[in-house]
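Okay, here's what each chain looks like letter by letter:
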Amino acid sequence: MVTLNDYLLASGLLFSLGFAGVLLRRNIIVIYMALELMLNASALALVGFSRFHVRDGLPDYNAQIFVFFIITVAAAEVAVGLAIIVALFRARQTTRVEDLTSLRF
Amino acid sequence: MSFPPALLELLVLCLGLALLLVESFTEKQDRTLLAYIGMVGLGVIFLILQLLPPGPTGMASYVFDPVAIFFKKFVVLTTIIVLIMSVDYATTIQRFVPGISSQAGLGEFFAIPILTCAGMMWMASAIDFILIFVSLELVTISFYVLVAFMRRNASSLEAGVKYLILSAFSTGFFAYGAAWIFGVTGNTNLVRIQQVLPALGAENYSAILFGALLVLVGLGFKIAAAPFQFWVPDVYQGAPTPITAFLSVGSKAVGFIVLLRVVQAFQSLPPVGDKVVAALIILAAATLIYGNLAALPQTNLKRLLAYSSIGHAGYLLMAVAGISARDSGQAVVIYLAAYLLMTLLSFLILIIVSNYADGDEIVNFNGLSQRSPLLAFGLLVAMMSLAGVPFTAGFLGKFLVFKVAYESQQFVLLALGIITVGCGFYYYLKVVRAMYWQSAASNGATIPVSGLSFATIVLLVLFTFLLGIFPQMATGLLR
Amino acid sequence: MVQDYLPILLQVIVAIGFAGVALLASVVLGRVGRRNPTKDSAYECGMIAKGEPQPRFSVKFYLVAMLFILFDIELVFMYPWAVAYRDYIATYNAWTIFGSMFGFVFILMVGFVYAIKKGALDWKR
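Residue numbers (the numbering used here), protein chains in the order written: chain A, 7 to 111; chain B, -16 to 462; chain C, 2 to 126.
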């Protein structure tokens, strides 16, 4: 039997993976993928909570609506984000975070 | 009057979309016309807001209370002033945005702030995590575009990427925290959460605290609280200056209203609420110390204002941390009103001067009092108010915040606050010294100021004094 | 409950096992035979391989793909809306639910018109 704990464990792992990826990776595109992983972790947690939070014999759909919004917002974020990263690559020929140092004092 | 308040955001949204369409269908028209249409449209919205009484909206996730009205007016006013700044800044935008015509990209630069404004207005009314999340993202994603707007300028792009990564990071925390809060309480609505919380068993406390702290981290990024402030100096310096002003005033203000509402909701469960307040106290202390100390060695005015905005977030957090005191919300509101006046005033003058001097170092302000007495006086007032000199709006805000800290018996924070105000005097007066005691490097030609900016500067200076001299005016802000 | 997933698990094991065995076998057998440059080159149905293994796409491809994702993902709201429509109008005002979807599609349309007018879908430019 798959319990709520299993879903939460999986979502916790996803979140930690994303978190570690953002902190450790040096390529902006990979960092961006890790960020999406963090959003997906919350989506998974929400679906898990919704499935096990039964109201009138049905799962609580409020959380699933939230998941829909997370998915669409993430898509919009990716579209804008990738466009900015592409523009940066065209200007600087790099996607590594170490090279982003023109704004230091 | 049967004007449904939720229509306001839709009107602002339609205004923004209409500007985008006009932008794409006309090619020869002067683009600054779009900015003027936007200002007039937002002015009408402001008037409607002035007339609408607070009341029930019939929606579970949307409130129209006095605080929401204040914040809506606040962001509409901010957007209007940002548009005024953008018109002055248009030449710089044209230089750094490639395109077929010389005015390529300008239309979007005027239209997107209006869409951002709609998002901020939604945030002011949102009391449901779903609506908060979506409106927060509307604001954030439009800011991605705006911060990275100057595609030919390496520092604008770099600022855009940094803002992108760190904002998406904070969104991840916010969403995960909201998921946990939903998991424990079974609700995404803050009012319902507040009702459900006291009935929860002690075994849920750690889970709900986990969720609350994650949400706090997410919001901490948005309001630029230490230790989540590291993106601020770079992004503020690299972004187009009107957008820096918009970020430091609008984005921060709506971050604070969400923070207020969330923290308020958790006060119904003291074992968790007290820990949230403790976390806020730590954030406030760290933010006060970092923002004020790091501002000391700055030589670039834009970067100095970035650190100063971190410092002001510290004072605002002090007021939020004193949520047990009766006037906590009022102190936040009045502080923000003062902050709007003085910050927008300094950014407006910064844009005009740096347009002329081609740089925003403090050195560029040398001898400004001879070249343009009005600009120098305006910046003097802004700096005095930011530092907290009596009889200016900034003093009133700081006074109320300290009063709240005293009433809620946070004496450590109070002491820190008073010490950091001392620091503030040093670095704000550095700018004043450059303007009044140093002589200009170049010839002493006067700096041209457009009529609209002139009127805005005069009005902002006037209100900075009015708010400082007649504090009862400020209480009227919350009817 | 867990037993229901047993066939999937078996399938996964078979798939991974087959792939692993095939790869291993090719490495082991490859050691035995004689090698020359022709044998080592990629096999493309007897044609001589040319170009890079991962050709570069025009950046316009990504632009169109991004726009596609943006408009495609919005369908996620239309499906639940269509499912809930009949139940909703039985008890509430039909114009509310119809109007909200109309407004939603209108905003999408504005975005679409903007993209066309700005030449984002203009392949040749």
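If you're looking for bench data, these hints aren't it; they were derived computationally from the structure.
In this text, all values refer to a predicted model and were calculated from it rather than measured experimentally.
Built from N, CA and C at the ideal position, the CB exists for glycine as well.
You may find that some hints are simply not true.
[To be verified] Selected chain A positions facing chain C (in silico; Cβ < 8 Å):
{"hint": "1", "residue": "Gly27"}
{"hint": "2", "residue": "Ala81"}
{"hint": "3", "residue": "Leu88"}
{"hint": "4", "residue": "Ile90"}
[Unchecked claim] Computed cross-link-like contacts, DSBU-like style, restricted to lysine-lysine with a CA-CA straight-line distance of at most 35 Å:
{"hint": "5", "chain 1": "C", "residue 1": "Lys40", "chain 2": "B", "residue 2": "Lys11"}
{"hint": "6", "chain 1": "B", "residue 1": "Lys56", "chain 2": "C", "residue 2": "Lys40"}
{"hint": "7", "chain 1": "C", "residue 1": "Lys118", "chain 2": "B", "residue 2": "Lys11"}
[What the hints assert, rightly or not] Label-pair restraints from in silico Cβ distances:
{"hint": "8", "chain 1": "C", "residue 1": "Ile117", "chain 2": "A", "residue 2": "Val103", "range": "17 to 25 Å"}
{"hint": "9", "chain 1": "C", "residue 1": "Pro81", "chain 2": "B", "residue 2": "Met42", "range": "15 to 23 Å"}
{"hint": "10", "chain 1": "A", "residue 1": "Asn11", "chain 2": "B", "residue 2": "Leu(-6)", "range": "41 to 49 Å"}
{"hint": "11", "chain 1": "C", "residue 1": "Gly120", "chain 2": "B", "residue 2": "Phe193", "range": "19 to 27 Å"}
{"hint": "12", "chain 1": "C", "residue 1": "Arg35", "chain 2": "A", "residue 2": "Val8", "range": "48 to 56 Å"}
Results for each hint:
1. Gly27: Nearest chain C Cβ about 22 Å off; hint violated.
2. Ala81: Since the shortest Cβ distance to chain C is 4 Å, the answer is holds.
3. Leu88: Nearest chain C Cβ about 7 Å off; hint holds.
4. Ile90: With a minimum Cβ separation of about 12 Å from chain C (threshold 8 Å), the hint on Ile90 of chain A is violated.
5. C:Lys40 with B:Lys11: This hinted pair is violated, its Cα atoms lying about 63 Å apart.
6. B:Lys56 with C:Lys40: violated (75 Å)
7. C:Lys118 with B:Lys11: Measuring from Cα to Cα gives roughly 15 Å; hence the hint holds.
8. C:Ile117 with A:Val103: 17 to 25 Å: violated (36 Å)
9. C:Pro81 with B:Met42: 15 to 23 Å: holds (19 Å)
10. A:Asn11 with B:Leu(-6): 41 to 49 Å: holds (47 Å)
11. C:Gly120 with B:Phe193: 19 to 27 Å: The hint (19 to 27 Å, Cβ to Cβ) is violated, given that Gly120 of chain C and Phe193 of chain B are roughly 48 Å apart.
12. C:Arg35 with A:Val8: 48 to 56 Å: Once the Cβ atoms are compared, 54 Å apart, the range 48 to 56 Å for Val8 of chain A and Arg35 of chain C holds.
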